[in-house]
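J.: My numbering numbers the first residue of the sequence shown as 339 and each following residue consecutively.
Everything labelled a hint here was simulated from the structure, so no lab data went into it. It is possible that some hints are incorrect.
Here are the simulated lysine-lysine pairs, DSSO-like style, with alpha carbons at most 30 Å apart [claimed, not checked]:
1) K423 x K458
2) K397 x K423
3) K458 x K397
4) K466 x K423
5) K354 x K520
6) K466 x K454
7) K354 x K515
Have a look at the derived ranges for each label pair, beta carbon to beta carbon [stated by the list, open to error]:
8) R418 x V378: 48 to 54 Å
9) A493 x K354: 50 to 56 Å
10) L521 x A373: 19 to 25 Å
For every residue, glycine included, the Cβ atom is placed at its ideal position computed from N, Cα and C.
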Amino acid sequence: MTNNINQNEEIDAGQKIIDQAIEDCRMNIVRHSNAPVMEVIVGLLLAGLIIAGLLQVSKLELESRSQNYFTIRSEVEAVRYERNKLSEEMARLQKIVADHQVMSSSQKSDFADLNKQLAKVNNEISQKQNALTEGIKSYSERPLLSDHMLYGGGAIVVLIIALLGGTYRLHLREIAKNEQYKLAFHRIRIAANNAQSPGFDSEVRAALTQDAFDVHIEERTIFQRKKIESPLPGLPSSDLATSIVNRLLDEVHIVFQPKEKPARK
C-alpha cells in the first residue's frame, strides 16, 4: 500500500514537472512571437529618425541657398540704384553742356569722374548679375542632399531591415524549437500516463519517446552559401537589397566557402 502511495506521488511530481516544462515552452513561444513586433517598432523609429535627419539637412541647405540668393539679389538692387543716381547726374551735366555749348574745366573733371564711376558701377553690376545667375543655377539644379548622404542613409535603412530580418528568422527558429519541445513533453506525458495500460507495450512507448527532442532545423552560415538569401522573403526592399548584393558578388566573382582546416599530423 505504501509503495503504491509513493509511486503515485512520484507520478504526480513527474506530471507537475512535465506540465511546468510545457508551460515554459508555451511562454517562450509567446515571447518569441511578440518580440518581432517591438523590434519592428524600434526599426521603424530608427528609420524614421534617419529620414527626419535627411529632411532636416535638406531644409537647412534650402534655407542657406535662399539666404544667399536674396543676399546677392539685394546687392544687385543696391548697385543698380547707385547706377541710376550716377546716370541722373550724368544726364544733368549733359543738359548743362547742351544748354551752354561750353563746359568749364571743373565740369569737364566732374564729367570724367562720373564716366569712370559709371563704368565701374556697370562692371560691378555685371559681376553681381553673373553671381546671381550662378546662384540661381545652383539653387535650381544642385540636389539638396549629396549622393553620399543618400547612399549612407539608404545603406543604414537596408542594414536595419537586414538586422530585423535576421532576428525574425531567429525568432522563427526558436518558436519551431519550443513547439517541438512542447510536443515532446506531451508525448512523454502520454507514454508515462499509459505505462501501466494493457496493450500499451514498450514498442509504443519507445515510438513516442524516441528522438522526441530532436529538432531538425537547418543551420547554415553565410560561408556555406554561394548566394545570400533574403532575410525577409517576399518583402520588396529586402528582396531588392539581397539581389543587389548577390549581383555585386557575381560581378566580382566572390563565392563564400568555408575555410579548410589544416590536416592534423
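J.: Evaluate each hint against the coordinates.
T.: Hints versus structure:
no.	hint	result
1	K423 x K458	14 Å, holds
2	K397 x K423	39 Å, violated
3	K458 x K397	38 Å, violated
4	K466 x K423	18 Å, holds
5	K354 x K520	14 Å, holds
6	K466 x K454	18 Å, holds
7	K354 x K515	22 Å, holds
8	R418 x V378: 48 to 54 Å	59 Å, violated
9	A493 x K354: 50 to 56 Å	53 Å, holds
10	L521 x A373: 19 to 25 Å	22 Å, holds
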